[in-house]
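Undergrad: Chain residues, written in single-letter form:
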Amino acid sequence: MTRPTDTALPGKGMPAIPASKRWLEAVPWLLALGTYAAAPQYAPLLTQIFVMILFAMSLDLLVGYTGIVTLGHAAQFGTGAYVAGILAARGWITDPTMTAVIAMVAAGCIGLFFGSLMLRTKGLAFLMLSVASGMFLYEIANKATGITGGDDGLQGVVFSPLLGLWEFDFRGTTAFFYSFVMLFLTFIFLRRVVNSPFGWSLRGLRENDLRMSAIGCHNYRRRLTAYTIASTLAGLAGAVQAQCTGFVALNSLSFELSGAVLIMLILGGSGRLYGAMFGVPIYMFAQDYLAKRDPTNWFLWQGIILLILVLFARGGVLSLAERGFHACCRRRPG
Amino acid sequence: MSELPVLEARELNKAFGPIAVTRNVNMSLMRGERRALIGPNGAGKTTFVNLLSGRLRPTTGNVFLNGIDVSRADEATRSKLGIGRTFQITSLFPALTAHENIFLALAESAGFGMHILRSARSYGSLHDRADELLEKVGLLGAAATSVQQFPYGQQRLIEIAVALALEPKVLLLDEPAAGIPTSERDLILDIVKALPSDIAVLLIDHDMDLVFRFAQRITVLVQGAILVEGSPAEIAADQSVRDVYLGERS
Amino acid sequence: MSSTLINILFFGLSYGMILYMTSVGLSITMGLMGFVNLAHGVFAMLGGYATVTLMNSLGVPFFPALLAACIMVTVLGFVLERLLYRRLYGATELDQVLFSMALIFISVAIARIFWGPLAQPIALPKYLHGHIDLIGATIPTYRLFLLVFGSVVAAALWLGFDRTLFGARVRAAVEDHAMAEAVGINTDRLFALTFGLGTGLAALGGGLGAEILAISPGYPLQYIIFFLIVVAVGGLGSIKGPLYASLIIGLADTATKYIMPEAGMIFVFAFVFLLLRWRPQGIVSRRKG
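Which chain is which? The protein sequence lines are H, E and B, in order.
In terms of my numbering, the first sequence has 371 at position 28, counting the first letter as 1, and numbering is strictly consecutive.
In terms of my numbering, the second sequence has 105 at position 92, counting the first letter as 1, and numbering is strictly consecutive.
In terms of my numbering, the third sequence has 241 at position 234, counting the first letter as 1, and numbering is strictly consecutive.
Honestly, I wouldn't trust all of these hints.
[Stated by the list, open to error] Rough simulated footprint, nothing fancy, chain B against chain H, three-plus residues with beta-carbon under 8 Å:
id : stretch
1  : 363-373
2  : 480-494
3  : 649-663
The set of hints was computed from the structure by calculation and includes no laboratory data.
Built from N, CA and C at the ideal position, the CB exists for glycine as well.
My request is simple: use the sequences and hints to build the entire structure.
TA: Right under this line is the structure:
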């Protein structure tokens with residue numbers, strides 16, 4: 344029996360990146376480091392972008408891979424941010440790695456809790472509950488002013504030096520490298536997850552959940568696992584945000600943030616992990632440019648961009664680039 | 014010594030509100046048996062299959078798999094215990110390749126679905142097995158094509174391969190030849206006939222030619238209840254069956 | 008104590024009626040077309056703006072303004088359905104969510120451009136200003152009026168849904184699309200009509216409830232959770248479900264505000280989570296499993 348070789352069988356490898364193009368994977372990372380080297384004064388902005396990419400990537404596991412459309416992912420992001428922030432603000436634990444781990448556990452538990460309440464519903468009911476999960480925590484954080492600072496946010500949070508070596512400095516150098524490394528680790532982890540049998544089964548759930556249960560998958564448990572993993576990573580994003588800025592805004596639990604991160608992900612392209620890397624910076628630069636002059640403007644543009652994405656450019660920027668790339672390739676002789 | 018049936022339905026009833034769709038159905042499938050289930054439209058054949066596979070729970074009555082009561086078990090559990098099925102309307106993972114479709118079934122039945130950190134590519138024996146199954150249905154050459162690009166008839170074959178990947182003890186085929194041009198039906202029949210001889214197969218179809226060439230025994234379902242059960246020759250000669258089918262035609 | 012109770016009852020139920028009118032259209036269109044229209048609140052907001060503008064700028068009296076707003080929004084809903092919504096009926100849930108978010112953002116921007124960022128005050132007619140003494144409590148006439156009006160609308164909807172040919176068609180289509188088409192129901196036209204009707208009702212709720220749910224550009228986002236709760240708790244494609252859900256939510260929210268204002272929406276959310284854990288399909292569901 345003749346078996347096709349691995350290269351002739353892209354079905355075996357998920358992402359359609361041929362071996363000869365593997366170097367492309369290093370490009371975004373080198374680009375990020377290069378930008379910093381060229382303009383270190385932008386470190387805080389880059390840090391902010393890394394945090395949001397991390398957050399959007401965790402959402403991609405749900406939206407892009409599992410097909411769970413949630414409008415409440417900020418519930419877990421905010422939980423991570425507040426847990427890390429409160430631990431440090433109270434002086435209980437100020438070590439960045441320790442607080443990050445605890446924040447992740449807390450966000451994972453919150454995800455497990457809400458997920459177990461939500462994931463038996465579908466469609467509109469699930470969307471509503473996802474919105475409610477975020478608003479529920481938002482209300483609590485808003486009212487518990489003694490602990491969270493309420494509307495003013497949690498201010499002046501100071502963490503001890505990273506690994507006892509590097510202090511979070513004013514220029515944001517430590518924050519930059521810290522968030523960069525965290526993002527990189529998350530990416531490596533998520534890439535493993537989506538390429539594992541578990542990750543494949545998530546795509547199976549996205550494609551056809553009735554078939555999944557007919558081949559023996561307990562869909563609810565599988566989804567809940569995905570939801571908890573994504574929640575844990577969203578919590579990490581929140582914790583890194585709190586550590587790098589020394590501040591936790593009430594906004595970090597908001598419905599607006601949940602919506603924004605979804606748009607960032609879709610803008611780049613969901614279901615491919617790389618989408619977040621492109622969508623987040625584009626969104627943030629566009630927001631900076633358009634909202635500075637007039638917030639009304641920003642609403643309008645966001646609406647128009649979304650409309651175009653849905654009606655004409657499904658798959659986001661990456662998908663467009665890919666199509667363009669293929670069109671070019673085909674035109675080349677040979 | 015009498016052998017235990019692989020799959021047994023005992024006094025199975027299902028009602029949707031006031032409407033009884035399955036009435037007092039008793040049926041036993043023996044190991045390796047080739048059984049066909051026929052009946053006019055709306056006889057409740059698919060509902061019956063759904064009761065066996067666990068998609069639906071019976072209102073009253075029980076389903077036994079190798080003597081174990083699985084009436085309360087859900088579809089995923091029953092699948093793990095050895096009930097494989099295809100659907101009347103093809104049910105696959107459209108955007109995934111043929112190979113991936115089968116790999117998923119293999120991974121789930123092997124219990125690897127929760128392996129989170131190991132690369133799916135490293136499960137060599139499962140990939141070999143997936144290719145074997147694809148070869149069995151004659152589609153190995155197109156393993157890397159996403160299933161939505163296959164013609165409908167070939168999708169049905171992939172679905173059979175997916176069900177076989179579960180190494181079921183019982184295979185429920187809900188109209189495997191529906192929507193397939195007559196010329197290609199023989200291919201389906203060949204594949205179904207060539208199924209491992211220890212698997213019990215329950216086949217539903219409207220194509221009498223196909224049914225009579227396939228089945229050792231035939232069960233006729235009318236209005237949710239069993240009208241008669243017997244060998245193909247007995248069924249062909251049965252007056253009540255003729256009445257039902259003639260009645261439908263007029 | 009008993010006057011508090013009566014207050015909660017009247018404020019809660021009248022608030023529930025507003026929620027009902029603004030949301031019931033969403034329930035029907037959701038059940039009928041399976042379209043996750045997060046932008047339903049946009050139509051309520053536009054109804055509110057139209058009412059207020061007609062009254063304040065053109066001096067149209069309250070009820071004629073309300074009626075005109077209702078008609079305008081119905082037409083707008085009908086047109087949008089034909090031009091945009093229908094393109095996405097077969098689309099994924101994600102696309103529908105993003106599409107309706109886009110409509111929300113655009114409408115928020117438009118509202119800000121035309122009416123500015125602040126809430127629009129509504130000048131209710133004099134006869135709705137006063138109070139009425141009722142079994143030991145003083146109830147604002149406006150609230151009583153909402154309660155009566157809402158009940159009439161609910162009854163009319165129920166009759167229309169249950170007793171007319173149009174209603175029968177909608178029910179048939181909610182339960183089984185293909186079957187409805189097979190028996191000769193033009194589902195395409197039915198969708199457009201129902202969608203228009205649903206948006207018109209939302210506009211009515213928006214205009215009537217301007218005193219309770221303030222008309223500002225943030226309206227579709229600010230109250231989105233209420234509309235979604237009513238529909239999800241009530242059950243898709245039903246007339247009665249959303250009514251029960253609206254009244255329960257209205258009462259629960261009002262009661263918390265009276266008794267434990269610091270709890271905000273926390274109890275309502277907790278209640279909703281538990282209820283849907285118990286009945287994932289909502290209180291009443293017409294759609295098949």
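Undergrad: The structure should be examined with respect to each hint, and the outcome stated for every one.
TA: Consistency of the hints with the structure:
A stretch counts as covered by a chain when three or more of its residues have a beta carbon under 8 Å from one of that chain; for the stretch 363-373 of chain H and chain B the count is 0, and the coverage is violated. For the stretch 480-494 of chain H, the proposed coverage by chain B is satisfied: 4 residues have a C-beta within less than 8 Å of a C-beta in that chain, meeting the threshold of three. Counting residues of the stretch 649-663 of chain H whose C-beta sits closer than 8 Å to any C-beta of chain B gives 6, which meets the bar of three, so the coverage hint holds.
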